[in-house]
Amino acid sequence: MADTMQFDLVSPERKLASVAASQVQIPGMGGDLTAMPNHAPFLTTLRPGILRVVSGSETSEFVVTGGFAEVSPTAASILAEQAVPRSEVSAEMVGDLLSRAESELAEATDETKMAAGQKVRDVLALKGQLSL
Amino acid sequence: MPSLKDLKNRIESVKSTRKITKAMQMVAAAKLRRAQESAENARPYAERMEAVLGNLASGVANSPSAPRLLAGNGNSQTHLLVVATSERGLCGGFNSSIVKLAKIKVDSLLAEGKTVKILTIGKKGREQLKRTLGDNLIGHVDLSDVKRVGYGDAAAIAHDIINRFNADEFDVCSIFYSRFQNVITQVPTERQLIPAVFDSEESEGGSQYEYEPEEGAILADLLPRGLATHVFTALLENGASEQGARMSAMDNATRNAGEMIDKLTIQYNRSRQAAITTELIEIIAGAEAL
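So the protein lines, in turn, are chains A and B. What the first sequence shows, in our numbering, is residues 1 to 132, in sequence order. What the second sequence shows, in our numbering, is residues 1 to 290, in sequence order.
One or more hints might be untrue.
As the list claims (entries may be wrong) - One side of the interface only, derived from the structure: several residues of chain A facing chain B at Cβ under 10 Å:
| no. | residue |
| --- | --- |
| 1 | 43 |
| 2 | 56 |
| 3 | 59 |
| 4 | 66 |
| 5 | 67 |
| 6 | 68 |
| 7 | 72 |
| 8 | 116 |
| 9 | 117 |
Claimed, not checked - Subject to a maximum C-alpha distance of 25 Å in a straight line, what follows is the list of computed DSS-like cross-link-like pairs (lysine-lysine):
| no. | chain 1 | residue 1 | chain 2 | residue 2 |
| --- | --- | --- | --- | --- |
| 10 | B | 100 | B | 123 |
| 11 | A | 15 | B | 31 |
| 12 | B | 22 | B | 8 |
| 13 | B | 19 | B | 263 |
| 14 | B | 114 | B | 100 |
| 15 | B | 22 | A | 15 |
These are calculated hints, taken from the structure and not from any lab test. Beta carbons: idealized from backbone N, C-alpha and C, even for Gly.
Go ahead and model the full structure; you've got the sequences and the hints to work with.
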């Protein structure tokens, strides 16, 4: 059994990471999930949160703002709208994200209110996790 | 016959023109490399997005619950053409060929009795379209302050398009841009954005994905992103094409300037020689007359 899988993190502008990973923690829309090799084919959208990649003895973390993840038995591909290594995240960026989510909530119609509210909560949770 | 002084001035002026075009060519070459790089970097995302969307879309395409962005709103009366061109000129036929393609489309649509609305990206295309189709222009996106097109710019344009679609301003939307093939060839291209079309090669092996949330919701979330990705790809391709077109245009201009200089120099030398000969004849004739 393979103990690693191909992990790709791409944003619209460039490829951020491409490594063999043993496990990937993904902030899915319906809750966090960890993908390991031989995971069933799975597709989920992302909420703003932290993506954690374990590759050998190294763990790298990225903050993603949205997008989707495609998991197959041999690979995990994250297509993130915006992805930044955790160490490079600034309070400013998160603040910006929050204000954008809030203005979205303010504009939201009844149908989209739930989603927009959830997004604000997600960003707030992310802010807490990053202790900013 | 221009005087020697005139010729000298002209040679000087053509020389400085050649310097400018040469410099522009080199700048374009450097920018082209960067533009190509970012187009290439963007490719994995776009391809993956396309594949996933195609997969999802083929699943729900025929169900009545298909999102409007995919299925359209059932009409095809009003067309929105997004014409993406450059902000700067001096790039050969780059802008004209995109505008020409768009105009052909406009003419055929108008002939069918459809309504046409045009959204322009980039100043140059707007200037050309304003002359004949000024009444059809409904908006303009100015990217002249943007040094390097980012995904954010594309997302904003896509957002605007979707808002207009939701406000029932149009039924069908397509984008016009120039696909970069190589430095010499750029292909003006039309691509339909709404309703979304995918070059869906049937997924081989068709590994059945589990979806979370369910397919419809994912699709609704991804379609706007797919649209933004298309716009982004178009802008990047356009950027590379523009620099490529400018590079070859400036290369031509530099060569033409060189030829011009050679011609003028020969003319200059001939007239100088003629002047000397005349002078000599005058002196000799004067001496013989004595």
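Cross-check of the supplied hints:
For residue 43 of chain A, the suggested interface contact is upheld, since its CB lies about 4 Å from the closest CB of chain B, less than 10 Å. Evaluation of the residue 56 of chain A hint against chain B yields a violated restraint, the C-beta minimum of about 23 Å exceeding 10 Å. With a least beta-carbon distance of about 23 Å to chain B, the hint placing residue 59 of chain A at the interface is violated under the 10 Å criterion. Because the smallest distance between the Cβ of residue 66 of chain A and any Cβ of chain B comes to about 8 Å, under 10 Å, the interface hint for this residue holds.
For residue 67 of chain A, the suggested interface contact is upheld, since its CB lies about 7 Å from the closest CB of chain B, less than 10 Å. The interface hint given for residue 68 of chain A holds, since its Cβ lies 6 Å from the closest Cβ of chain B, which is under the 10 Å cut-off. The closest approach between the C-beta of residue 72 of chain A and any C-beta of chain B is roughly 6 Å, which is under the 10 Å cut-off, so the hint is satisfied. A distance limit of 10 Å between C-beta atoms decides the matter here; for residue 116 of chain A the minimum to chain B is near 13 Å, and the interface restraint is violated.
Because the beta carbon of residue 117 of chain A sits about 16 Å from the nearest beta carbon in chain B, more than 10 Å, this interface hint is broken. For the suggested pair residue 100 of chain B and residue 123 of chain B, the alpha carbons sit about 15 Å apart, so the restraint of at most 25 Å is met. A C-alpha spacing of about 20 Å is found between residue 15 of chain A and residue 31 of chain B, which places the hinted pair at or below 25 Å, so the restraint holds. For the hint linking residue 22 of chain B to residue 8 of chain B, the alpha-carbon distance of about 21 Å falls within 25 Å, and the restraint holds.
For a cut-off of 25 Å, the pair hint linking residue 19 of chain B to residue 263 of chain B stands: about 17 Å separates their Cα positions. Distance restraint check for residue 114 of chain B and residue 100 of chain B: the Cα-Cα separation of roughly 19 Å lies within the 25 Å cut-off, and the hinted pair is therefore satisfied. Straight-line distance between C-alpha atoms of residue 22 of chain B and residue 15 of chain A comes to about 34 Å, which puts the hinted pair past the 25 Å bound.
Of the hints listed earlier, those the structure fails to meet are numbers 2, 3, 8, 9 and 15, in rising order.
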